[in-house]
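On the provided structure of chain X, position chain B as indicated by the hints.
As given, the protein sequences belong to chains X and B, one line each in that order. Here this note's numbering is used: the first residue of the first sequence is 1, the next is one more, and so on. Here this note's numbering is used: the first residue of the second sequence is 1, the next is one more, and so on.
Fair warning: there could be bad hints in the mix.
[Unchecked claim] Straight-line distance between alpha carbons at most 27 Å, and here's what the computed DSS-like set of lysine-lysine pairs gives:
id: 1; chain 1: X; residue 1: Lys42; chain 2: B; residue 2: Lys57
id: 2; chain 1: B; residue 1: Lys70; chain 2: B; residue 2: Lys57
id: 3; chain 1: X; residue 1: Lys57; chain 2: X; residue 2: Lys68
id: 4; chain 1: X; residue 1: Lys79; chain 2: X; residue 2: Lys98
id: 5; chain 1: X; residue 1: Lys42; chain 2: X; residue 2: Lys68
id: 6; chain 1: B; residue 1: Lys57; chain 2: X; residue 2: Lys63
id: 7; chain 1: B; residue 1: Lys101; chain 2: X; residue 2: Lys57
id: 8; chain 1: X; residue 1: Lys68; chain 2: B; residue 2: Lys101
Source of the hints: derived by calculation from the structure; they are not laboratory data.
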Amino acid sequence: EDQVTQSPEALRLQEGESSSLNCSYTVSGLRGLFWYRQDPGKGPEFLFTLYSAGEEKEKERLKATLTKKESFLHITAPKPEDSATYLCAVDLPSSASKIIFGSGTRLSIRP
Amino acid sequence: DAGITQSPRYKITETGRQVTLMCHQTWSHSYMFWYRQDLGHGLRLIYYSAAADITDKGEVSDGYVVSRSKTENFPLTLESATRSQTSVYFCASSPQGINEKLFFGSGTQLSVL
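Isolated chain B, as found in the complex:
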């Protein structure tokens, strides 16, 4: 059982470039989330989705775009990467709701030079 798969595992890009991080889940969970994790800040919510074609902003959504055309996929795009977006990005899912137990992927470590 694959669960949640994130790709790529590591990514290095340059300031101003567009970058897309992929997230795929095999559980058919309704809810999916994107978090970023930075030292001293804990995990912060970027975007979440309650179902296909339904998305909403989290705490730190500026500079990010998401889509969810299929239940199992939830890609995160950085439209024009900035150095402040260097971080570890985690995708998560939940079968029950936004305030319930989350299942996390292994993360994508993104460096913006």
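Just chain X, with the same shape it has in the complex:
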């Protein structure tokens, strides 16, 4: 069964402390990988799309990278306003659901 796994489930950082979130998937043949940010009580907000291994995208303090089996969302010198749940989603050829979402990483940045 196709699976998308995000780790860690939750991450608490001090303001300015850089780290990375992971999204791994079990099936080859990725057609696209998406990163979304979700604030409490709101719908997910699109951040990035990555299509091929080696591709990188950046937005402010966030950088997304992609390998053949996983993606990383690197956050550099985070601020409290970066606190949110970060979701990844993958577009797999074998997926009847079209896009499979991971369960997310809850990121909390302490001032």
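Relative to the frame of chain X, chain B by itself:
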């Protein structure tokens, strides 16, 4: 620009009742989607629509019905609500296709007692 509007924001109902969740978008996006979000499961696709009068099932469609008579509206109906349908429901749209970037509404939190 309103984007995607979902209503109601919160809904409490009883087992066996019919419930309709509304979704309206102002962008004229062709594609619209309904997802449910539960702890530990991530977002799961219920139904999607490629255009008016064209709908298709997603991963967890049992117990749900959709319609799309107009491009801008995509209501989701729970024909006979069950407790397992307690969840947060998100409507989304996309201008480009089913496997592209999605724009989400703010969600409807549904509790079935």
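Right, here's what the structure says about each hint:
1. X:Lys42 <-> B:Lys57: 24 Å, holds
2. B:Lys70 <-> B:Lys57: 18 Å, holds
3. X:Lys57 <-> X:Lys68: 16 Å, holds
4. X:Lys79 <-> X:Lys98: Roughly 34 Å separates the two Cα atoms, so the pair is violated.
5. X:Lys42 <-> X:Lys68: Violated, because 31 Å separates the two Cα atoms, which is more than 27 Å.
6. B:Lys57 <-> X:Lys63: Violated, at about 34 Å.
7. B:Lys101 <-> X:Lys57: 15 Å, holds
8. X:Lys68 <-> B:Lys101: Distance of about 21 Å is within 27 Å: holds.
When held up to the earlier numbered hints, the structure conflicts with 4, 5, 6 and fits the remainder.
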